[in-house]
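Asker: Start from chain W and add chain Z according to the hints.
Residue-level listing of the chains:
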Amino acid sequence: MPDASVDPTCPTDIAVSLRGVRYGYDRRRPILKGIDMTIPRGKLVAIMGTSGSGKTTILRLIGGQLRPQAGEITVAGREVPKLERDELFALRRRIGMLFQFGALFTDMTVFDNIAFPLREHTELPPDLIRDLVLMKLNAVGLRGAARLRPSELSGGMARRVALARAIALDPMLVMYDEPFAGLDPISLGIVGQLIRRLNDALGITSVIVTHDIYESLKIVDYIYFVSDGRIVAEGAPDVVRASSDPFVRQFVDGAPDGPVPFHYPATPLLEEFARGA
Amino acid sequence: MALDAVAFGLRRIGRGTLNAVTRLGFASRFFVAVLLNSPAAFRRIQLTLREIYFAGALSLVIILVSGLFVGMVLALQGYEVLTRYGANESLGVLVALSLVRELGPVVAGLLFASRAGSAITAEIGLMKTTEQLSAMEMMAVDPLARVVAPRFWGGLVSMPLLTALFSTLGIFGAYLVGVKLIGIDNGAFWGNMQAAVDFRRDIFNGIIKSVVFGFAVSIIAVFEGYDARPTAEGVSSATTRTVVASSLAILALDFILTVFMFRGIGV
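If you read the sequences in order, they're chains W and Z.
This note's numbering runs 73 ahead of the 1-based position in the first sequence.
This note's numbering runs 296 ahead of the 1-based position in the second sequence.
Hints in this document: simulated from the structure, not taken from any laboratory.
Where hints are given, some of them may not hold.
Chain W regions said to be covered by chain Z (calculated; three or more residues, Cβ under 8 Å) [to be verified]:
#, region
1, 170-176
2, 184-193
Pair ranges (Cβ atoms, derived) [as the list claims (entries may be wrong)]:
#, chain 1, residue 1, chain 2, residue 2, range
3, Z, Thr536, W, Pro341, 37 to 45 Å
4, Z, Thr536, W, Asp109, 50 to 58 Å
5, Z, Val361, W, Arg192, 37 to 45 Å
6, Z, Val555, W, Asp99, 39 to 47 Å
7, W, Arg192, Z, Phe495, 40 to 48 Å
8, Z, Arg525, W, Pro332, 31 to 39 Å
The structure displayed is predicted, hence computed values, not measured ones.
Glycine included, C-beta positions come from ideal geometry on N, C-alpha and C.
Pulled out of the complex, with its shape left as it was, chain W reads as follows (with noise of 0.2 Å):
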């Protein structure tokens, strides 16, 4: 049976294509100012930036939570903008997503989150959810966890459960909100691992939200660096670590001025001092 969430006639090697997002909460503050880009299947693209310059909104937008105010969003083929509710659901059905903090429900245990969407969306016998769960907790190491609460995770712990997680129900497309935040480095190389090798080992393909370039510069195959809501740079993990670009350097070597300013705009400090004199 065809499915339904995927546009039959769309380029077999694109998942996600953006071509001129534009997007702002309101319409005074624009928070992207004409996005395009493209992620190929099977890849592991990250998008990365420095805080709040739109890399999560990016997310939503192709998740459909938000809708740009224009532009075109595809994801396997389908315009999200344009999908009807249910049409839309279809789709998020094939994506699976894990959020900054995991997002895990706080009232289920590890192993009624991952069964989660499981139950919700297939009539499979209760055994099979059991096996298909276990098989999601033992690929992120975890299975021995199932049983504990998400309280009673740590934060690397609770990561890997959302990673389970998301690639319950076998998505051809997960999304990462800022993947590596806040955690260790032991915990952090252990996320960052796990998501090559689910990504190459089912066939998925990946975007990463962060700002931690060295991690994703081990793992990725192509990053996007987002500034001021435009793409600023672009290109392989080899191309970045050889880039001359301003701010890719100032991204890579951490350097605290550049062409992203130390300073909030603000008047001259000395003008400043003037006036209150």
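Answerer: Structure of chain Z alone, referenced to chain W:
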């Protein structure tokens, strides 16, 4: 200068009114959305049963203890006044009518708003703050059907049951004080009560009140939680708004309902 102040004041009033009307409109659309999502919630009735347990069963202690004490105090106060007129055998009638008509629905409603309403708002608000509602949406599960509708119906079903228990315990408390402690005649206490309390006029109207209050508290609680700003401060003020708005709604609705229910029947 004075003109500026007037313009400033008018602008503030205008902005406040527009915000209030917008919010009311949003709340109405939200209510319709909850109703439209209710069949999906009913198909998995265990979700609503679970909320009846959380909103209803877990509120039992405060409702039962408060009912008992309200009944006991009512008996003491009522006996003191009735004795002045030599009508102390009507104590059962006084207590029963006060409880089933007014105090039961109103006090149980106020307690329900503080105990269960605030908990519902805080839970939904925190789910929003920790992106659990967004996660659900991204898993193609509508939070209105999965989270909001069961809590709304759970609250609506719990409230009349809690009110009935509140009134029952209140009458029992009055019996303990009036008959067992003060020594009013047992037969007079129950007999007068049975003769004077009418099922349709008194008990049924009390049940209607409790259903209306249950509706008001439940819809305010789920709306405030769903509409809370996703910050610690936002959830805290949403919880406060639930308790304040629910309490005021109960008192205002009680007055309106009482006017309609007991108008022109000589009471």
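Asker: Verify the CB-CB distance for W/Arg192 and Z/Phe495 against the hinted window 40 to 48 Å.
Answerer: 45 Å, holds
Asker: Could one say that the CB atoms of Z/Val555 and W/Asp99 fall in the range 39 to 47 Å?
Answerer: Between Z/Val555 and W/Asp99, where Cβ atoms are some 45 Å apart, the hint holds.
Asker: Under 8 Å between beta-carbons, do enough residues of the region 170-176 of chain W, three at least, approach chain Z for the coverage claim to hold?
Answerer: holds (count 5)
Asker: Quick one: are Z/Thr536 and W/Asp109 within 50 to 58 Å, going by C-beta?
Answerer: 46 Å, violated
Asker: Okay, Z/Arg525 versus W/Pro332 on CB: inside 31 to 39 Å?
Answerer: 33 Å, holds
Asker: Can the region 184-193 of chain W be counted as covered by chain Z under the rule of three residues or more with Cβ-Cβ separation shorter than 8 Å?
Answerer: Coverage by chain Z holds for the region 184-193 of chain W (3 residues, Cβ < 8 Å).
Asker: Taking the beta carbons of Z/Thr536 and W/Pro341, is their distance inside 37 to 45 Å?
Answerer: Given a distance of about 43 Å, which is inside 37 to 45 Å, the answer is holds.
Asker: Using the Cβ atoms, figure out if Z/Val361 sits within 37 to 45 Å of W/Arg192.
Answerer: 39 Å, holds
Taken one by one, the earlier hints fail for this structure only at number 4.
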